[in-house]
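Visitor: Take the sequence shown: its letter number 46 is residue 46 in the UniProt record's numbering, and every next letter is one higher.
Calculated directly from the structure, the hints in this document are not laboratory data. Model, not experiment: these values are computed from the prediction. Any given hint might turn out to be false.
[What the hints assert, rightly or not] In the BS3-like style, the derived pairs of lysine-lysine whose C-alpha atoms are separated by at most 25 angstroms in a straight line are: (1) K104 x K55; (2) K91 x K128; (3) K91 x K59; (4) K59 x K142; (5) K59 x K49; (6) K104 x K45.
[Unchecked claim] Cβ pair distances, simulated, as ranges: (7) S31 x D117: 38 to 48 angstroms; (8) K142 x T47: 19 to 29 angstroms; (9) E113 x E30: 43 to 53 angstroms; (10) E77 x E113: 17 to 27 angstroms.
We put the beta carbon where it would ideally sit given N, CA and C, even for glycine.
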Amino acid sequence: MEKLENITNYRENSCEIHHIVEYDGNMVLESLLQEITPLINFFDKYTNKVKLDVKSLLKYALENEYEVCEYIVQHLEKYVESSEILGVVIKGDVKGRKMSHYIKIVSTFRDSEEALDISEEFDTDIYKNPLSNRILVFSIFK
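When you get a sec, could you build the whole thing from the sequences and use the hints?
Guide: Written as structure tokens, this is what we have:
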């Protein structure tokens, strides 16, 4: 469990995570990490705007998680560089007692009309695909 805590504190790059997995030798953990690789790579690219809760993503694994993560990255990349987006938090979560696992995306925007338009466009864009049934998007305006 200590190795999992180290992964949660991951800040440098994905090589650090793979080193921890090799050291630990836990094949299940390695498999779970491979499922969220698209999000890890996205985090590496946008460290200044994106926070990734690796521990929660591993804890609340999804069916077709790799595809869901790829889908999220594909859509978030269109928006994350906008100056209207202050930050994005991506984490795993569970909804109520039904144990429906999902990935939660919380985006923080500037409080402006343009930011509202971007938020609405992102929501509409991401919910078009059946993979989105495991994604919840929240927007915060500051």
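Visitor: A separate judgement is required for each hint: does it hold in the structure or not?
Guide: Status of each hint after checking the structure:
1. K104 x K55: 13 angstroms, holds
2. K91 x K128: 21 angstroms, holds
3. K91 x K59: Between K91 and K59 the Cα gap is close to 10 angstroms, so the pair holds against 25 angstroms.
4. K59 x K142: 30 angstroms, violated
5. K59 x K49: At roughly 23 angstroms apart (the allowed maximum being 25 angstroms), K49 and K59 satisfy the hint.
6. K104 x K45: 19 angstroms, holds
7. S31 x D117: 38 to 48 angstroms: 40 angstroms, holds
8. K142 x T47: 19 to 29 angstroms: 20 angstroms, holds
9. E113 x E30: 43 to 53 angstroms: Because 46 angstroms falls inside the window, the suggested range holds.
10. E77 x E113: 17 to 27 angstroms: Once the Cβ atoms are compared, 23 angstroms apart, the range 17 to 27 angstroms for E113 and E77 holds.
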